[in-house]
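S.K.: Just so we're aligned: the sequence shown equals residues 5 to 141 in this note's numbering.
Listed next, the in silico EDC-like pairs over lysine to aspartate or glutamate satisfying Cα-Cα at most 16 Å (straight line): (1) 102 - 119; (2) 136 - 120; (3) 133 - 99; (4) 136 - 107.
Pairwise CB distance ranges, derived in the manner of DEER restraints: (5) 95 - 138: 23 to 31 Å; (6) 92 - 124: 15 to 23 Å; (7) 88 - 137: 33 to 41 Å; (8) 78 - 129: 22 to 30 Å; (9) 82 - 106: 36 to 44 Å.
Keep in mind that the hints were calculated from the coordinates and are not lab data. Idealized CB from N, CA, C, for every residue including glycine.
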Amino acid sequence: MLLQNLFVWMLCGSDLCWGVVFGRPRRSGEDGTSAKSDSRSGPLYVLTSGSCRNRCFELLELDPPTCRCDNLCKTYNACCSDFNQLCLRTEGGFECSKNRCGETRNEQHACHCSEDCLTRGDCCTNYRKLCKGDTSW
Numbered sequence: 005m006l007l008q009n010l011f012v013w014m015l016c017g018s019d020l021c022w023g024v025v026f027g028r029p030r031r032s033g034e035d036g037t038s039a040k041s042d043s044r045s046g047p048l049y050v051l052t053s054g055s056c057r058n059r060c061f062e063l064l065e066l067d068p069p070t071c072r073c074d075n076l077c078k079t080y081n082a083c084c085s086d087f088n089q090l091c092l093r094t095e096g097g098f099e100c101s102k103n104r105c106g107e108t109r110n111e112q113h114a115c116h117c118s119e120d121c122l123t124r125g126d127c128c129t130n131y132r133k134l135c136k137g138d139t140s141w
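Could you put together the complete structure from these sequences and hints?
M.R.: Right under this line is the structure:
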């Protein structure tokens with residue numbers, strides 16, 4: 005592979021690294037020369053124009069929509085209008101309290117203190133200790 009025509013751009017943060025490669029050689033079939041036809045009959049992504057529905061923390065910026073639903077959208081002021089509502093659930097806080105133990109499930113909460121949270125895997129971090137009486141190691 006000739007490296008003089010290849011350009012790599014990387015953006016790295018504390019927990020995320022994003023890269024783009026320009027000028028890479030095409031794979032077989034990308035330029036339309038493959039005799040093999042693709043029989044899939046639908047787009048790979050279902051576009052939901054301007055919404056984060058089913059796109060939370062997706063690392064692709066599709067066109068359309070021209071808004072983002074990843075953790076960089078706040079930095080670049082490019083979030084879809086429903087990003088906070090659908091992707092950043094902070095209602096109820098991030099810990100259980102005695103009043104929340106056994107509560108009715110509220111899907112708007114960031115984590116849960118309901119009886120079914122263990123089976124669903126979305127309990128707040130202190131649920132076992134505070135609501136079930138488990139002791140720390």
